[in-house]
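**Student:** Sequence:
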Amino acid sequence: MEKVENWPLPTLDFNNAVDQTIKLSLIILNLNLNLNLNLNLNSMTFVISIDDKAL
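Counting from 1, position 34 in the sequence shown corresponds to residue 34 in the numbering used here; the numbering is continuous, with no gaps.
Honestly, I wouldn't trust all of these hints.
As the list claims (entries may be wrong) - Okay, the calculated beta carbon distance ranges per label pair:
hint, residue 1, residue 2, range
1, N36, N16, 29 to 35 Å
2, D13, N40, 26 to 32 Å
3, L41, T21, 27 to 33 Å
4, L35, N15, 27 to 33 Å
5, L41, F14, 39 to 45 Å
6, D13, L35, 29 to 35 Å
7, A17, L37, 28 to 34 Å
8, Q20, N40, 29 to 35 Å
9, D13, L41, 40 to 46 Å
10, D13, L33, 29 to 35 Å
11, D13, N34, 30 to 36 Å
12, N36, N15, 30 to 36 Å
13, N15, L37, 28 to 34 Å
Derived by calculation from the structure, the hints in this document are not laboratory data.
Think of the CB as a built atom: it goes at the ideal place given N, C-alpha and C, for glycine as much as any other residue.
Working from the sequences, and respecting the hints, build out all of it.
**Tutor:** So, in structure tokens, the structure goes:
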């Protein structure tokens, strides 16, 4: 524990971790957008089919 001064500076690792976190959050956001789009399309077709049966 007393050899803290020998540890490498974590700037590159920190930047890489931030980059990976941003990429992961963008992937999750993209998955959420795709899921929401699919759910919206499914609900729209469901409503359209109900309207067709009502007609």
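**Student:** Kindly indicate which numbered hints from before are broken by the structure, ordering the numbers from low to high.
**Tutor:** 2
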